[in-house]
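Q: So the chains spell out like this:
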Amino acid sequence: MSDEQNIQVRLNGADREVAADHSVRSLLEALDLHPGMVVVELNREILSRESYADTPVREGDTLELVHFVGGG
Amino acid sequence: MNETTTMERTPEAEAGDDGPLVLGGRSFTSRLLVGTGKYATNELMVDAIRASGTEMVTVAVRRVDLDRSEEGGILNHLDPDEFFLLANTAGCYTAEDAVRYARLARAAGFNEFVKLEVIGDEDTLLPDTQATLEAARTLTEEGFKVMAYTNDDVVTALRLEDAGCVAVMPLASPIGSGLGVVNPYFIREIKRRLEVPVIVDAGVGTASDACVTMEQGVDGILMNTALAAADDPVRMARAMRHATRAGRLAYLAGRMPAREIAVPSSPTRGLLD
Chain A
348 MSDEQNIQVR LNGADREVAA DHSVRSLLEA LDLHPGMVVV ELNREILSRE SYADTPVREG
408 DTLELVHFVG GG
Chain B
111 MNETTTMERT PEAEAGDDGP LVLGGRSFTS RLLVGTGKYA TNELMVDAIR ASGTEMVTVA
171 VRRVDLDRSE EGGILNHLDP DEFFLLANTA GCYTAEDAVR YARLARAAGF NEFVKLEVIG
231 DEDTLLPDTQ ATLEAARTLT EEGFKVMAYT NDDVVTALRL EDAGCVAVMP LASPIGSGLG
291 VVNPYFIREI KRRLEVPVIV DAGVGTASDA CVTMEQGVDG ILMNTALAAA DDPVRMARAM
351 RHATRAGRLA YLAGRMPARE IAVPSSPTRG LLD
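Quick mapping for you: the protein sequence lines, in order, are chains A and B. Counting from 348, one number per residue, gives the positions in the first sequence under the numbering used here. Counting from 111, one number per residue, gives the positions in the second sequence under the numbering used here.
No lab work stands behind these hints, which were simulated from the structure alone. Do not take every clue at face value.
[What the hints assert, rightly or not] Estimated spans, in silico, between C-beta atoms of each pair:
1) B:R302 with A:S373: 24 to 32 Å
2) A:S370 with B:L362: 43 to 51 Å
3) A:A361 with B:A360: 50 to 58 Å
4) A:R357 with B:G134: 51 to 59 Å
5) B:Y203 with A:R363: 22 to 30 Å
6) A:E376 with B:T204: 54 to 62 Å
Just so it is clear, CB atoms sit at the ideal spot from N, CA and C, and this is done for glycine as well.
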């Protein structure tokens, strides 16, 4: 895959290069994350799980992928 | 549901013969709520939580660690059908951040409850009560059932109740300190003035602390470090389960008045010459 087919995104606080044709769903799958186990915030807006497949990941997007961890 | 203790998790056994703990329209038989942080292993966490008899556990919202291959999420270890998940906003220092974390937690799809926590000082981890109040109002308007962590200040507790919180959670002492209830008078006063349930959150160190806390008449208690940092978390969880119940029962029983003088328990008449 050539560089033109990749895009730059901000993913969990780090700059990352990902394939240009990702939906949020396919990006999660590429990261080996179960869509039901994470919550996605795209450019400060929380996405519903139903919209993952139809939401494209675009150049310059800021994504936060969060989940529950141990805490008090 | 578990073999680790002989006490059954029944309403009579856990709630101290006085019915369930009702939070935001949901009934819980145990008055002990526990956190899931800081355990040496996930297995130990699950064993301790089961031994505590709790039904409600707190969890935190954090970024997925994308550089680690292992499954870091707590739901890989804790069954959300076995325990009611209470997401917290721990780590937030502004009302805006707390609202953001709460929304993310709700989007996980379990329930609309949130343990609201807005810290105002890194050193003492004492709450920013003004920011807590602001976030409580916003979240309540958005339909959240807010359980608000706060200090042992009666006025703030009243304001949080006015803001629509389903429970107010004053601290016993600072988070993770294990100092026990430093101001039982204010805890009692908060309980006396509020109509919503009062859950003491943070500061309990050992079983006697839990017992003293419940003896103040509060509706429940939330702890994390006291279990996770004990040498034997499972045994301490069992102790806390008994102590919470014992304190509740003692409160309901109504203690004898404390006196500065001795009064004999045996008859003073009928003694031999």
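Q: Output the indices of the hints that this structure fails to meet, ascending.
A: Violated hints: 1, 2, 4 and 6; rest satisfied.
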